[in-house]
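2 protein chains.
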Amino acid sequence: MWLWDKLIGKPLASYESEGQKIGIWSGLPILGLDGLSSAAYGPEAALAILLPLGGLGLNYISPIMGIIIAVLAIVYFSYRQTISAYPNGGGSYTVARENLGDNAGLLAASALMLDYILNVAVGISAGVGALVSAIPLLLPYTLPLCLVVLTIVTLINLRGVRDTGLAFAAPTYLFVGTLLIAITIGLFKTLINGGHPEAVISPPPLQTPTIAMAGLWLLLRAFASGCTAMTGVEAVSNAVGAFAPPAIPNAKRTLTAIVAILAILLAGVAYLAQAYHIGAMDETQNGYQTILSQLVAAVAGRGVFYYITLSSIIVVLALSANTSFADFPRLARLLANDHYLPQSFSLRGRRLVYTMGILFLAAVAGLLLIVFRGITDALIPLFAVGAFLAFTMSQAGMVVHWHRDGGKHATTSLMINGVGAIATGTAVIIMLIAKFADGAWITILIIPSLLLLFKIIKHYYDDVGRQIRSTHGLDLAHVGPPIAVVPIDWWNVLNESALRFALQLTSDVVAVHVMVDEEHCADLQRSWSQNVIQPIQASHLPEPKLAILPSPYRLFQKPFLEYVLKLEKENPNRIVAVVVPELVQTHWYQYLLHNQRAAALKEILLRKGNRRIVVINLPWYLDA
Amino acid sequence: MWLWDKLIGKPLASYESEGQKIGIWSGLPILGLDGLSSAAYGPEAALAILLPLGGLGLNYISPIMGIIIAVLAIVYFSYRQTISAYPNGGGSYTVARENLGDNAGLLAASALMLDYILNVAVGISAGVGALVSAIPLLLPYTLPLCLVVLTIVTLINLRGVRDTGLAFAAPTYLFVGTLLIAITIGLFKTLINGGHPEAVISPPPLQTPTIAMAGLWLLLRAFASGCTAMTGVEAVSNAVGAFAPPAIPNAKRTLTAIVAILAILLAGVAYLAQAYHIGAMDETQNGYQTILSQLVAAVAGRGVFYYITLSSIIVVLALSANTSFADFPRLARLLANDHYLPQSFSLRGRRLVYTMGILFLAAVAGLLLIVFRGITDALIPLFAVGAFLAFTMSQAGMVVHWHRDGGKHATTSLMINGVGAIATGTAVIIMLIAKFADGAWITILIIPSLLLLFKIIKHYYDDVGRQIRSTHGLDLAHVGPPIAVVPIDWWNVLNESALRFALQLTSDVVAVHVMVDEEHCADLQRSWSQNVIQPIQASHLPEPKLAILPSPYRLFQKPFLEYVLKLEKENPNRIVAVVVPELVQTHWYQYLLHNQRAAALKEILLRKGNRRIVVINLPWYLDA
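In order, the protein sequences belong to chains A and B.
Just add 47 to wherever you are in the first sequence, counting from 1, and you've got this note's numbering.
Just add 47 to wherever you are in the second sequence, counting from 1, and you've got this note's numbering.
One chain only, chain A, in its complex shape:
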C-alpha cells in the first residue's frame, strides 16, 4: 500500500474535486497533446503520398494544407457552439444521442472509442519509433520502451487530472515554443530573401518525379492522409465539466489556443517546406529524415536548438496518447451511466478519476502494442476515420439542435454546424475510399460491432433492472415464519452457536445429520438428547428436530441439498434458512488441515438454491 500511495498518491475526498479542475494552461497539455502533436505528422503524411511527384509535389502541399486548415476552422467554430450548448460536456456521443437518437450517439461513441484506443497505440509507437531511429542502439527495445511509456502515461493519469497537467506542461510548451521559433526564423529568412531562402543545412535533393502530374486520386489520398492532423480537436468539448469556473469560457479559450497553434504550425510547415524545397523521404531508405528534422536543420542548422526541438517532438508524440486517457474514461463513464457499459466504468477511484476506463484503455492499447511488437504502421490507415465520423455525427446533431432551438442566432449557428457536418462528412467518405484497401475497411467492421455490444449490454441491464425493480412498498403480508436448518456433525461450540441462533430466528428448527457412519450417528443422537433436548425441555421451548439423512455413497452436500430443496418445496410460503457454522481460517496452513465443508456448502446452496433458501453464516474464530 505504501508503494501504491507513492505511485498513485493518497486518496482524494470527493469534496476535493474542485481542486482537480483545470484551466487553460493545464488544459492545453491535458487535452491538446493529440491535436498539437498532429503538426508533427499531418503534413508529412500528406507529402509522403505526393512522393512520386518529386519536386512537383511541393506545389500541391500548400493548397492541401489550406483545405485542411479551412476544415479545421469550420470544426473549431462548430465545437465552440457545442461547448456553449452543452456546458456539462458535449462530446459527440451526447450531442448525437440527444439530437439524432440513441443509435447515432452509439455510432459516434463506438467510432470515438476505436479512435482513442488506436491513438494511444499509434502515438506511443510513433514517439518511440522516432526515438529509436535517432538512437538505433535502442532498436531492439522498441516494445519494452513502448510499454514503459504506456505505463508512465497510465500511472500519471491514475494520479489524477491535476498531476497530469503538471507533468505534461513542460514538454508541451517546449514543443510549441521551439517549433514556433523555428517557423518564425524560417519565415523571416524567406521574407528577406524574396521567397528563396538559403538553407543552413541543405535538405536532401528531392526525388526525381516518376509521374508528371497529380491525378485526382493522388490528391484525395494526400488530403485523407493529411486529415490525421485534425484528430484530437473534439477532446475539449467532451471535457467541459473538467474546467474550473467559468467553465465555458475556459473551455472555449483552451480550444481556441489549441486550434490556433495547430493551424499556425500546419500552415508554417507547409509554407516553409515549399520555400526550402523540403519533401518527404522514403522511410525505408538509409538517412531518412522527417520533414520537421529537415526543416529545423535548414532554418537553424544542427546545433543545440535542433536537438532540443527534435527531442521535444519525440516526447510530445509519445505523450499524445494522453488525450485519449483524458477523454476515453469520460466517454466510457457516460456510456456506463446510460447502462451501455458495466457500472464500474462510472465509479471515480481514489484520485477522483475513472480508474476503470484508464485501466481498460491501457490494457487494450498495451495488447495492441504487444501484438504489433511496438510497430503500429499497420494500424495508421484505421486511424482518424473514427474521429471524423464522430465529428460528423456531432455536427449533424448540432444542426438538428439549432433547428429545434430556433433562437436568435439559430440560423447562423445552424449554417456553421451544417457546413462543418458536410466538410467532415466529405472527409470521412474521402478517407474511407482513399484508405479502404489499406485497412480502413476494418473500421467498418469494428464500429458496428462495438455499437452492437453496447446495445446487448444495455439490453441485459434493462432486463435485470426490470426484474429487480420494486413497484410497490414493503410487502409484509403472506409471510410465514422461516424454517431453520442446521447441519450437525457433532456437538461442539460451533453447532451450539448455530443452533442457538436458529432458535432465536424461529420455533421451527431442524438439525440435519448426514449419516456416513452408523455408530457415530448413534453417539450423536445420544449427545443430542442430552445436550439439546434436556435444556430445551427445561426451558419449555419448542423442541428442535434431529433429521438423519442416510448417505450410502458417503456424500455430504448432495443429500443435504436435496433435503433443503424438498423442505422448501413442501413449505411454499416460508423461507428455509440454512444456518452454517464455519471455522474461519486465517492462516494458509489451515486450508490444508481443515476440510472446506462450510464454504462448499454455502457455495452449493447459492448455486443450486432459490430465492426462498437463505444462508446464515455463523463464523467461529480460533484464538491465536
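Just so you know, not all the hints are guaranteed correct.
Put simply, identical chains are the same to the list, so a pair is met inside one copy or across any two.
Said to hold, decoys possible - Below, in silico cross-link-like pairs of lysine-lysine (DSSO-like), each with a Cα-Cα straight-line distance of 27 Å or less:
(1) K616 to K605
(2) K655 to K592
(3) K613 to K57
(4) K605 to K655
(5) K605 to K53
(6) K655 to K57
(7) K592 to K613
(8) K57 to K605
(9) K68 to K57
(10) K68 to K455
(11) K655 to K613
(12) K616 to K236
No lab work stands behind these hints: they were computed from the structure.
With chain A's structure known, arrange chain B on it following the hints.
Same frame as chain A, now just chain B:
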C-alpha cells in the same frame, strides 16, 4: 463426469464394501507385488557388492541369501502372530503405538511412509529401466514412461481394491509361474549333471577378482543390499481388514503364499547362480545383463520362454509400486483417525478407497520421478531402511504385547517376536552403517522430521478440538435478541426481501446506506419513507432505522465494516446479523457486468468480523 465414470468406475455404496474384500488369489497381486518382485533385484543387489571378488563371490551368495531367508522366516512367523493379535489390521504403527507408546508408533509410521513413497518411485523406475535397456529406442522417453506407469497404477487403485486385484493378477502369476518353471528346470539339470550343469547359452565369463578374499565389511554390505529382498512383507499384516471373512486365516494364508514363493525364488536364484557361474555385471558396461536374464538364458536358452519370462519381470517390477498404493492410504488413514494427518486422509472416496492417500502418494512419487528424471538410482540406498525400522518397531511391540498378555503360548510367541526384533534390528543397524555414506543418512533426517510434522499436526488439532469442544449442553440464557443490519443502495426487490427477512428476525433493524452521492442519498431517503416507513406504520410494526454513512473517499466496505464493528462493540450481549442481498451470477459474463459487492462484503465480514457478527445471505436469482 462421463469420462471420470469410465476411468474410475461408478460410485460404490458403503454397503457394497463386502464385495470389495479380497481373498488369497487377489491378495497376492494386491499386497505381494513388492515382496515378490524383490526376487528380481535382491540377489542381484547382493551379488553386485561382491563384484570385486569375481568368481569367488559366488561362494558367498548362498550363505548370505541363507541368512536373509532365515530372517525372512523369522519375520514371517512374527507377522503371523501379529495378524492373530490384531485382526483389525496390525501394521507397525498400530502395534508399536499400542505397546511402545505414541512416539514409537509415529517412528514406525514415518519410516514406513518414507519407504512406501520410495518404493513407488524406485519400483517404477526399475521396471521402466529394465524396459528401456531391453528396447534402447525408448531411452529418451524414460520419464514419460515412468509417469504413464504411475498414472495407470494410480487410476487402477482409484477404481478400488477389487479391480486392482483383477488387473494385476495376470502379470503376477505369469511372473511367479515362469520363474518357478525356470528354477525347476535349472535344478533338474543341475541334479542330473551332478551339480555342474551345461548352460544352454553360457553366461558371460566372470570378472577377474581384484581382491582375493571377502572382508567383513564387504559381506555386511552385501547382506544390507540383499535385504531389499524383504521389503513389502509387512503389507499383509497392515491390511487384515481388507480380507473377506474369515479374515485372519485368509490373511495368514496370503502371507504364507507370498513368503514361501519369495523364499523359493531367492533360494533357487542363489543356488543356480552358483551352479551356472552367474555373477552380477557392471551396469555401466555394454552388453549388461541382469542375473535373471543370464539365468533364464543359461537354463532354457533365448526362445519364446525367455522373452515371456523377462517381460513378466519388467511388468512386475513396474507394478511393485502397487503394494505401496495398497498400504500407504491405509496407514495415512490410521494417522488421520488419530489426528496426525488431515481428516481428508480418512475419508473413503467413491470407490471405497482412501482417495486422498492414493493421490498424495502418486503426487509425491511423481515429483521424485520428475526431479530424478526417471532414474532413481540415487534413492536406492535410502530404500529398505524404513521398512526394516518398521519391522523392528513392530516386533519389539509384539514382545511387549506378549509380555503383558501372559497367555498360554505367550512365552513361545514372545520368543519368536523377540528373535524377530533382534534380527531385523541388527539388519537396520547393518544397513545404516553399510549404506550410510551412500545416502542412508538422509533417512535419519527425514524420518524424525516426519515424526515432528505429525506431532505438530496433532498439536494443532488438539488445540482446535479443545477450543471448539462443548463441555455443556445448549446454553439458552444471557442471549439478547439480535440486531439486523441491511446494506441498502436503492429500493428494489433484493433490498425488500432482505429487509423483510430482517424484520422477521428481530425488531431491531437498521438499514445502512453508504453515501457517495448526496443527491442519490436524498432520493433514497424519500423512497425509504414512502416504501418502508408507510407500510410499517400501517402494520404497527417496530420501525426500522435508516443510517447514512458518509464516505468522502467513495469507499463502500470500509465505512460499512466500521459501522458493524461499532454496533457489535456497543451491544456486548447481542449478535449483529448482517443481511446481505445478492444477485446470484450464473453465467460467466455476469461477472463482468456486475460488481462483486455482495461477495466482497461477505468475505470481508468473515475475515475481519468476530463470533458475534453473523452474515445472512439472501440470494436473488434472475429469470433465464
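So, going through the hints one by one against the coordinates:
Taking the shortest alpha-carbon separations for K616 and K605, only the intra-copy value of 16 Å comes in at or below 27 Å, while the best inter-copy value is 39 Å. Only within a single protomer do K655 and K592 lie at most 27 Å apart by alpha-carbon distance; the minimum there is 24 Å, versus 33 Å between protomers. With identical chains, the CA atoms of K613 and K57 are at most 27 Å apart between copies only, with a shortest distance of 26 Å across copies and 53 Å within one. In this assembly of identical chains, the alpha carbons of K605 and K655 lie at most 27 Å apart only when taken from the same copy (11 Å versus 31 Å across copies).
For the identical chains of this complex, K605 and K53 are inter-copy neighbours only, at 21 Å across copies versus 50 Å inside a copy, given an alpha-carbon limit of 27 Å. Taking CA atoms no more than 27 Å apart as the test, K655 paired with K57 passes between copies only; the shortest distance there is 23 Å, against 43 Å inside one copy. Taking identical chains as interchangeable, the C-alpha atoms of K592 and K613 lie at most 27 Å apart only when both belong to the same chain, with a minimum of 16 Å there against 36 Å between chains. Taking identical chains as interchangeable, the C-alpha atoms of K57 and K605 lie at most 27 Å apart only when they sit on different chains, with a minimum of 16 Å there against 49 Å within one chain.
Proximity of K68 to K57 under the C-alpha cut-off of 27 Å is restricted to the intra-copy arrangement: shortest distance 17 Å within a copy versus 68 Å between copies. Taking CA atoms no more than 27 Å apart as the test, K68 paired with K455 passes in neither setting, with 32 Å inside one copy and 99 Å between copies. Only within a single protomer do K655 and K613 lie at most 27 Å apart by alpha-carbon distance; the minimum there is 13 Å, versus 35 Å between protomers. Proximity of K616 and K236 under a CA criterion of 27 Å is satisfied in neither setting, with 93 Å inside one chain copy and 81 Å between copies.
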